[in-house]
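Trainee: Make the complex out of the two chains shown on their own, each in a separate frame, by following the hints.
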Amino acid sequence: MAKRIEVSGLHAYYGGVHAIEDISMTVEPRSVTAFIGPSGCGKSTFLRTLNRMHEVIPGARVEGKVMLDEEDLYGPSVDPVAVRRTVGMVFQRPNPFPTMSIYDNVAAGLKLNGVRGKARLDEIVEESLQGANLWNEVKDRLGKPGAGLSGGQQQRLCIARAIAVRPQVLLMDEPCSALDPISTLAIEDLIGKLKNQFTIVIVTHNMQQAARVSDKTAFFNIAGTGAPGRLIEIDDTSKIFTNPEQKATEDYITGRFG
Amino acid sequence: MTTLTEDTPPAAPAARLNHVSPSRKIKDRAVQGLVYLSFLLALIPLVSVLWTVVGHGIGRLDAQFFQFSMNGVSGKDPGGGAYHAIIGTLEQVAITTVIAVPIAVLTAIYLVEYAGNGRLGKVVSFFVDVMTGIPSIVAGLFVLALWLLTFGFEFSGLAGALALTILMIPTVVRATEEMLKLVPNELREASYALGVPRWRTVTRVVLPTALTGIVTGIMLAVARVMGETAPLLLTIFFTKAINTDPFTGPQGSLPTFIWDQIADPNANAHDRAWTGALVLIAIIMLLNLAARLIARRYRPAAAR
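As you go down the protein sequences, you meet chains F and U in turn.
So that you can map any letter, position 134 of the first sequence is 209 in my numbering, and since no number is skipped, the others follow by simple counting.
So that you can map any letter, position 49 of the second sequence is 171 in my numbering, and since no number is skipped, the others follow by simple counting.
Keep in mind that the hints are not guaranteed to be accurate.
As the list claims (entries may be wrong) - Estimated spans, in silico, between C-beta atoms of each pair:
(1) Phe-249(U) to Gly-90(F): 26 to 32 Å
(2) Leu-304(U) to Pro-256(F): 30 to 36 Å
(3) Phe-273(U) to Gly-90(F): 55 to 61 Å
(4) Glu-198(F) to Phe-249(U): 24 to 30 Å
Calculated directly from the structure, the hints in this document are not laboratory data.
All of these numbers come straight from a predicted model, not from anything done at the bench.
Ideal Cβ positions, reconstructed from N, Cα and C, are used throughout, including at glycine.
Here chain U stands alone, though its shape is the one from the complex (with noise of 0.2 Å):
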């Protein structure tokens, strides 16, 4: 006769529930320390940028800023604003974004959703990522030649939204692939076999699960470029007076205006700078939270 013991199976060495190795305990401690040591380390810089640019910048973020250009304001001269280069920028950004989302959407819908392993599909993938590593004065530079130059048109808002729109394409066009790939075959197949057809899968069922992503992906896209000042000098060039027409002229913009206005040697033009700088990044911060709660209202039911 046999007893339980000796059916039962051996216990593992170190069976103390309670128990944690040394080693085990160490190694733990360290990663956490490097996790937290790397997480300090990436806030250094970030940190760093906003106390500067706050630092500088506020002093002269006053309602001045937001009413007046600097037609007839010189370096050193107190007063004068960014209002020509707030419009600028919006007017250019928003001209880009028209141009810009309509196209790389409809191309990530189409690599994702139709192109399957067929050689189109792999041929625009690949420019797709060429046109990532495009430096953005190239993008400037190629505006120039081609609209400017070759086409005779003269500096404009839409000729500086045109070199953005070919930054913004790529970058668009990987977010939203991915956000694609994201969405469960399940969801296009439940759809097939509901007797829809593909492209009121694709609107109906597959953009709007894909819709949070895709509109995060498209507002890092717009602070990029917003971002942009050398291509912008080769196909706006830039200006101290109040051009509203993004059409006709050049145009002011905040990059081109924190360039010019850090290149002059006066204490007052650096400060405008800096205001100009943080008004760029406010902007960028306002968009963003603005797409985000527009997202929020369309985020599938589930996770709300």
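Chain F with its partners taken away, still in its complex shape (with noise of 0.2 Å):
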């Protein structure tokens, strides 16, 4: 059910504007990878570019390759259709369908996609929502709206909509940034769960929580205003917060600056 991600030499562009620069690294199957760095560094961008989301702005562009095991993202006769549900997100502000049950958000991406039969979709709501540890909280509620839910709730369910379609990789851009304490407690035991299944790669400006969280880290920053982001080094959680090859990355990390 996982997938091993290798990007090499990746550069994305919004419209004139050079975003990220030359990023390579590889994401191994089964782990929880960590990107952390100042506002404006690209790591949001380079996620996006994991599943073709930065396409998506008017403008925007990628250069580079994103080999998923085999298959490059890029390749040429890809369907960013395809690679979405392959490579699910997770978005930083909790974003339920405001029109839909908390049921109808779960089974959206399946429903969407033309999946039919009450009962296979019950069998994979009730999974997904186990799976995303929210089913016990409204098992007895399925038909009210997704928006009546409590922040970290919906961030939950919104989790559960994503694992729905069964990815091979979850990627996370800043979960927890909108939820409290307790939420985001709720949301890195999950995390710890789901990586058992999935290739997860988190966004987090809160680098307890990457030290939590993830077994790899990766440092990005930009030299100065305008200028593109780019890796600085990706190593162990463990070595990245102790002993850092990089002098930026300790700086960052010691909170000498950013």
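Mentor: This is the structure in structure tokens:
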């Protein structure tokens, strides 16, 4: 169920703006990789290139290679819609569909892709909500609107919605930044559980969170305003936080800048 | 050793929390007064129109009015009714809506969801603006010149509906566009990220979210075209007899009925004209109400 991501020589642009420059890294299957770095350094942009969400923005484009096991996501015959079914995404702000119930939110990815059959949907919805540690809280009100849940529950609903389509990889863009510490803990526990099934990449501004949940940590930085973001180093999380190779990484994690 | 008071920042002037400066108080009152006054001013024409129309129109609001046409009824005769005109108006506006709404909503979807900053989108958007400014009689003349004179079709409800369509499309396009723009981009991204293709994102996520506003916009446009008179005279003409077939021959309609009756010097005709106006307003209000009820059913669940 989980695939390896191998990125080589990746550049991303917004119109004429060079957003990230020459990034290469490998993300192992069934692991959690955290991206840290100051605001505007291209972490989120890079994350969005991994499921071709970057190009949704008008004028945005990507150069380079992203290999998912043996397949290049940017190959000429690759359908971005199929890529996004394989590489799921959870956003910074919980964004359940406002017109849909809890059940329909989780089933949305399946229903909108033409999966039919109530029994099968029921099964996947329960499984996904269980997987997102939300089932016990919502099982008696599946017909109620998803927007009526608390922020933390909504975010777990969004995770359930993302894993319901059975992706290989799960990308999370600061999934806890809008949540309180208790809800954050719930999501972090969930990440620990999900990594048994998925390859997880998480962008976070919270270095403690990166240290708690991730196996590997990648540090991104920019040389200055307007300069493209670059990958400074990626290594085992324990090494990054205790003995990083680069001076910039050490400065950042010790709070000397950023 | 410093005392605590020396460390605290100096208190701001007028630090008493229960004190509002007189000038602020006066400004607040003045603006409040202006707002109430403007509200009352805006109400005057509305109440006056309703008062006059109901006062004059209620007299002939009887069963006969809804059962008979004006066939063989002359201006000074009592009785007669607007059956032919009500049928005509409902049919013409129904045809208009059926033609205009799909075109307009699809145009708006193209402009908001697909066109981006492309040249075609800009051109379409420009011409929608131009269409918004077309006077209604010009729309009528256009259909008269093209449909009746060039293609040689006769007066019909359909011809009138075509003229009304020209008036309705730009209004619905603009209203739909505004509503689609209000749908947060995050919802589209959430849908794309689930591997949902764009057209399904539009039909299943974006449109339902914007539905209430779109329906309201359509209803406003319907209300607007329902009161049009000039283009109908050029394209449908008018008749005092019942013609239930909107595709052949002149048809009655409420605006032309009112226009015809009010032009007649007799009091009985004037009474019919007022009642016609009252019925027209009532139909528009009922349609509005119905649309609101339908839209409420599909409103975003969170707002329920």
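Trainee: Which hints from the list above does the structure break, by number from lowest to highest?
Mentor: Failing hints, ascending: 3, 4.
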